[in-house]
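Trainee: Chains A and B are the protein sequences, given in the same order. Just so you know, the numbering used here puts 74 at position 74 of the first sequence, and the rest follows in order with no gaps. Take any residue in the second sequence, count from 1 to its spot, add 1000: that is its number in the numbering used here.
Source of the hints: derived by calculation from the structure; they are not laboratory data. Because the structure is a prediction, the values reported are computed rather than measured. Treat the hints with care, since some could be wrong.
Here are the simulated EDC-like pairs of lysine to aspartate or glutamate, each with C-alpha atoms no more than 20 Å apart in a straight line [what the hints assert, rightly or not]: (1) 66/A - 88/A; (2) 41/A - 1022/B; (3) 1104/B - 1026/B; (4) 1104/B - 63/A; (5) 1104/B - 59/A; (6) 41/A - 1044/B; (7) 20/A - 63/A.
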Amino acid sequence: GAVVSQHPSRVICKSGTSVKIECRSLDFQATTMFWYRQFPKQSLMLMATSNEGSKATYEQGVEKDKFLINHASLTLSTLTVTSAHPEDSSFYICSARGQRTQGANYGYTFGSGTRLTVV
Amino acid sequence: AQKVTQAQTEISVVEKEDVTLDCVYETRDTTYYLFWYKQPPSGELVFLIRRNSFDEQNEISGRYSWNFQKSTSSFNFTITASQVVDSAVYFCALSGRVSTGYQKVTFGIGTKLQVIP
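Next up, chain B with everything else stripped away, as it sits in the complex:
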């Protein structure tokens, strides 16, 4: 079974602070994908990153960076110099192949980030 754990349900930081959102996953698949999505108050899901299980290189995109560590089954997300516009719920997700053959995406419970001006 797949499982995604986001232990932090809510985080508040002051603008310009760095913040790291934790994600720990469980899967029996050898090939899988990890995702981060942002959900602003309007509700739509904004794709941030997709990472293949074979690619453990860390990635940086502007103020966003991701640390994938297979040894600890973690895929953490760091926002540097946070801004008020970063306030949203962030979901970590995992997809793997299930017995029926298609890939199923499992979401974590989400971390609500509030950036205080």
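The shape of chain A in the complex, shown without the other chains:
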């Protein structure tokens, strides 16, 4: 139980285009979704937190107009990187929290990550 599917796992896009990353909770209702970014050899930095049906809360320094987060349902959250530039190249990973998440990692289940390369 408590599986989070993140898609795509890898994406290469041209500078100036937009990329959408999906995060789905497969067997539980994710009341809260977290989006992280990880630069090479660095830690995971929280970008934003979204609760289903409400606007995402962005961490300081994260441009909300550039990183659009939608959490329209209890099983799906999307992160759209708009007008991507090479400096946006990074590893993006989502985490989902549900009220009754099953399994040992209660409350914090991570997707497998998306490696974005902007050329």
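Fit chain B to the given chain A structure using the hints.
Mentor: Using the frame of chain A, we list chain B on its own:
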């Protein structure tokens, strides 16, 4: 504010040696959770353990053990008889309640463990 410090950025050990990864945390919350995650080269985060701040019992799971000491705000992770497959980056993390009401997970910088055959 929450903070997680993993002072060891890289560790190399020879296979079968024991190794301890240090984690020190800071939080003002009285209720919080501590985690350890493993990130192999493929990138996904593998959950290892979650510990409630009220539970200071040490835990052992196979070759893995964790030592939680609230008095020193530490949550150290020991791998006994290390194996090459243990090579990965290990993250210590902390979650607590922030002013907006939801729990936020703060990660340490990670410790890269290399087990040499």
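Trainee: With reference to the structure, classify each hint as holding or not holding.
Mentor: Going down the list of hints, with the structure as the test:
1. As the CA atoms of residue 66/A and residue 88/A are separated by approximately 10 Å, the hinted pair is consistent with the 20 Å bound.
2. At most 20 Å may separate the alpha-carbon atoms for a hinted pair to count; residue 41/A and residue 1022/B meet this at roughly 18 Å.
3. The straight-line distance between the Cα atoms of residue 1104/B and residue 1026/B is roughly 14 Å, inside the 20 Å bound, and the hint therefore holds.
4. Straight-line distance between C-alpha atoms of residue 1104/B and residue 63/A comes to about 19 Å, which keeps the hinted pair within the 20 Å bound.
5. Between residue 1104/B and residue 59/A the CA atoms are separated by roughly 11 Å; this keeps the pair inside 20 Å, and the hint holds.
6. Proximity of residue 41/A to residue 1044/B is assessed by CA-CA distance (about 14 Å); at most 20 Å being required, the pair is judged to hold.
7. Taking the CA atoms of residue 20/A and residue 63/A, the gap is about 16 Å. The hint holds against a cut of 20 Å.
Comparing the model with each earlier hint shows no violations; every hint is respected.
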